Amino acid sequence: MQVKIRKEIIKTELLIIGGGIAGLQAAITAGQEGTSVIVAEKADTRRSGSGANGNDHYMCYIPECHGDDFKRVISEINEGMEGGPWQDQIMLRKMMKRSYGIIQKWESYGIDMRPTGKWVFEGHAMPGRQRYHLKYDGQNQKAVLTQKALENGAQIMNKVFINEVLVNEEGRAVGAIGFSLAEDDSEVIIFQAKAVLLATAQAMRMYPHGNPTFIFNTHSCPAAAGGAAIGYRAGARLVNLDVPYIHAGVKGFARSGKATWIGVLSDIHGKPVGPFLTKPNRETGDAMMDIWPGIFGERLDNGTGPTYMNCTELSEEDLKYQEKAFESEGIDSITEYCEQRGIDLRKSMIEFGTYDYSLAQRGIDINLDGMTTVQGLYAAGICCGNVRGNITNASVWGDVVGEHSSEYVKQVEEFDISEHPLIKEKIDFYMELMTKKIGAHWLEVNSTLQRIMNDYVGLKVRSETLLTAGIKYLADLKRYSVSELKCENSHELMRTLEVLDLIDLAEAVALTAKNRQETRGNHKRVDFTYTNPLLNDKFQTIEKTKDGIKMAFRDKEK
Amino acid sequence: MPPVIDKAKCIKCEICAQICPLDVIRVEKKDQEREIVVKYPYECWHCRACIKECSSNAITMRYPLSHMMFYMDVPTADRSDCKCK
Ligand SMILES: Cc1cc2nc3c(=O)[nH]c(=O)nc-3n(C[C@H](O)[C@H](O)[C@H](O)COP(=O)(O)OP(=O)(O)OC[C@H]3O[C@@H](n4cnc5c(N)ncnc54)[C@H](O)[C@@H]3O)c2cc1C
Ligand code: SF4
Ligand code: SF4
Numbered sequence: 011m012q013v014k015i016r017k018e019i020i021k022t023e024l025l026i027i028g029g030g031i032a033g034l035q036a037a038i039t040a041g042q043e044g045t046s047v048i049v050a051e052k053a054d055t056r057r058s059g060s061g062a063n064g065n066d067h068y069m070c071y072i073p074e075c076h077g078d079d080f081k082r083v084i085s086e087i088n089e090g091m092e093g094g095p096w097q098d099q100i101m102l103r104k105m106m107k108r109s110y111g112i113i114q115k116w117e118s119y120g121i122d123m124r125p126t127g128k129w130v131f132e133g134h135a136m137p138g139r140q141r142y143h144l145k146y147d148g149q150n151q152k153a154v155l156t157q158k159a160l161e162n163g164a165q166i167m168n169k170v171f172i173n174e175v176l177v178n179e180e181g182r183a184v185g186a187i188g189f190s191l192a193e194d195d196s197e198v199i200i201f202q203a204k205a206v207l208l209a210t211a212q213a214m215r216m217y218p219h220g221n222p223t224f225i226f227n228t229h230s231c232p233a234a235a236g237g238a239a240i241g242y243r244a245g246a247r248l249v250n251l252d253v254p255y256i257h258a259g260v261k262g263f264a265r266s267g268k269a270t271w272i273g274v275l276s277d278i279h280g281k282p283v284g285p286f287l288t289k290p291n292r293e294t295g296d297a298m299m300d301i302w303p304g305i306f307g308e309r310l311d312n313g314t315g316p317t318y319m320n321c322t323e324l325s326e327e328d329l330k331y332q333e334k335a336f337e338s339e340g341i342d343s344i345t346e347y348c349e350q351r352g353i354d355l356r357k358s359m360i361e362f363g364t365y366d367y368s369l370a371q372r373g374i375d376i377n378l379d380g381m382t383t384v385q386g387l388y389a390a391g392i393c394c395g396n397v398r399g400n401i402t403n404a405s406v407w408g409d410v411v412g413e414h415s416s417e418y419v420k421q422v423e424e425f426d427i428s429e430h431p432l433i434k435e436k437i438d439f440y441m442e443l444m445t446k447k448i449g450a451h452w453l454e455v456n457s458t459l460q461r462i463m464n465d466y467v468g469l470k471v472r473s474e475t476l477l478t479a480g481i482k483y484l485a486d487l488k489r490y491s492v493s494e495l496k497c498e499n500s501h502e503l504m505r506t507l508e509v510l511d512l513i514d515l516a517e518a519v520a521l522t523a524k525n526r527q528e529t530r531g532n533h534k535r536v537d538f539t540y541t542n543p544l545l546n547d548k549f550q551t552i553e554k555t556k557d558g559i560k561m562a563f564r565d566k567e568k
Numbered sequence: 004m005p006p007v008i009d010k011a012k013c014i015k016c017e018i019c020a021q022i023c024p025l026d027v028i029r030v031e032k033k034d035q036e037r038e039i040v041v042k043y044p045y046e047c048w049h050c051r052a053c054i055k056e057c058s059s060n061a062i063t064m065r066y067p068l069s070h071m072m073f074y075m076d077v078p079t080a081d082r083s084d085c086k087c088k
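Chains as they are written, first to last, in my numbering: chain G, 11 to 568; chain E, 4 to 88.
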């Protein structure tokens, strides 16, 4: 197969990499400000990313519903899934303050934010507490956001994978290198931009998931494959990679959306396992899953499991309600699966499992304007590491970047990237990959990467010796991969570059895990079994500098 | 093979290939003809986006056993209105 090169350099003010929730929101806002915008999306923005087919919970603060005690709001959110020690509190406050504004915008675009006509808050909640997750119907969200971005003048280039951000000698982001997947021959496309936004989501496929031989069986969209590495290579600082984030949901058929299930977590006899619910409750859901997503794995390990989602006591009305919510959430495959295999939730409980580390909301370090440590390079959504909040995170920070970048592009000059040395280097590399006769398939590399990460940089135990070995094996894997990988066509070229992104990020995970000489959360060091109070208010960062890789502990609130 | 395309119903509009977030479905050119091929079945996320976009109802899902859901009947569950009877 060939590598073609598009002669004309594509120029824009703001280049957005990834047309998911964050990317499209940024495109809409920047477009409204009159900024010229291109969205480069490797799939099709109408149905791409983790919000492709819907979402149904939007964490928000609506003063008319939640009252004026904003301090209390923040403190309650900190007790839930999206809060806690890995959330930068200043960023959290800014995000929550802007959340209602986005909800109003989304409603005006045509997304159904109150399917019952009222603001309804359900799920991800504790009994007796105020609830912050607006129950909405997001099944058309990607089509609507795409339409709105187009109306506001954004140009959307689907089936375009971006591999590198170009940075000039002053250290400013000035463009990107990507290629089209539309044909089997890939066509390299060079972008020149005044500002670049990375909105590429998390790094699925770095750790084994539902079923290790089927690596696309992941709880979030497996197309999210380490885009934060593009920022890392461009010099952007990453943060919080070392303390694993874990999620939970249906075992076997990995799928996010656990809060859309409104049954009770139960043991094999159908008896509740947690303290919060004895009967199903639509309003709160079973908070056990948010507070302790490790419950499923731990109960298997100690022999008291398995643990099930028990919907057998739902009323007919609640069952219908849940089924409808699966559509809003984009997880109606679960319903179809159950229908095809004759599983009836009225009498059968579904086993839930703890999923492996996914790097969600562990990644690029951004400031209050959404800018990374590289001038002109922004990041938004779950590829970022110092903000949490999923849809809220993606939409609010996308909006912030849309606004800020529109000001920024007015202040900087265009930079001619035609002679940038990375362009030739990358094209030569793609050509080599595409013309090699014998070589390694990307899946060989991805599966070995997962094995290394599971065994040496895993969730159960970490230690100096395991991590040292892991770092060495990752370096070997990278060296072999760069020289041995080959691809047959543009699709395989994308998968190949994704796996190289995953290795870059995996190295950063392993290095920071080794450097954190304490136990904290899911980072369990057998050689440092205590938690060091001096690190309580710190985030660990890692970045590539001219002098090599630099790691540091920065104050949580900058 | 997760999405199964019924050739008799398919009008080759290519929308499924365009929309698939994982690039599982591709359009292949064979002698002047354009074929819709489920080329990378193992990369399917079973998200049903292709089904939702196919206006000819030509796609059905086969959920592979690699994605088997584990379930257990509750002995005490009231089955009087159970659909499965
Ligand atoms: C089933 C499910 C249910 C969920 N429910 C909820 C919910 O109810 N509430 C909630 O708050 N959150 C929910 N989430 C999480 C939420 O969907 C994500 O947090 C959100 O979509 C993240 O937005 P994002 O813009 O960061 O990433 P995404 O929306 O995933 O978008 C990333 C985009 O970047 C593209 N891309 C990646 N790399 C490249 C590249 N190199 N070049 C070009 N394009 C690239 C991808 O194709 C994708 O379109 C759910 C997730 C799933 C999977
Ligand atoms: S969307 Fe349906 S009709 Fe169109 S090509 Fe695909 S299967 Fe055929
Ligand atoms: S179910 Fe989703 S991932 Fe699978 S082929 Fe259809 S659109 Fe692609």
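One or more of the hints may lead you astray.
[Claimed, not checked] Here are the computed lysine to aspartate or glutamate pairs in the EDC-like style, where the Cα-Cα straight-line distance is at most 16 angstroms: (1) G:K169 / E:D76; (2) E:K32 / G:D194; (3) E:K33 / G:E326; (4) E:K42 / G:E193; (5) E:K42 / G:E337; (6) E:K32 / G:E326; (7) G:K289 / G:E346; (8) E:K33 / G:E337; (9) E:K55 / G:E337; (10) G:K281 / E:D76; (11) G:K107 / G:D122.
[What the hints assert, rightly or not] Here are a few chain G residues that sit away from chain E, every Cβ distance over 12 angstroms (derived from the structure): (12) Y110; (13) D465; (14) E528.
No lab work stands behind these hints: they were computed from the structure. Predicted model, so just to flag it, every value in this text is computed and none were measured. Backbone N, C-alpha and C fix where the C-beta goes; we use that ideal spot for every residue, glycine too.
Here is what the structure says about each hint:
no.	hint	in the structure
1	G:K169 / E:D76	violated, 44 angstroms
2	E:K32 / G:D194	holds, 10 angstroms
3	E:K33 / G:E326	violated, 51 angstroms
4	E:K42 / G:E193	holds, 13 angstroms
5	E:K42 / G:E337	violated, 27 angstroms
6	E:K32 / G:E326	violated, 50 angstroms
7	G:K289 / G:E346	violated, 26 angstroms
8	E:K33 / G:E337	violated, 37 angstroms
9	E:K55 / G:E337	holds, 11 angstroms
10	G:K281 / E:D76	holds, 12 angstroms
11	G:K107 / G:D122	violated, 21 angstroms
12	Y110	holds, 30 angstroms
13	D465	holds, 22 angstroms
14	E528	holds, 36 angstroms
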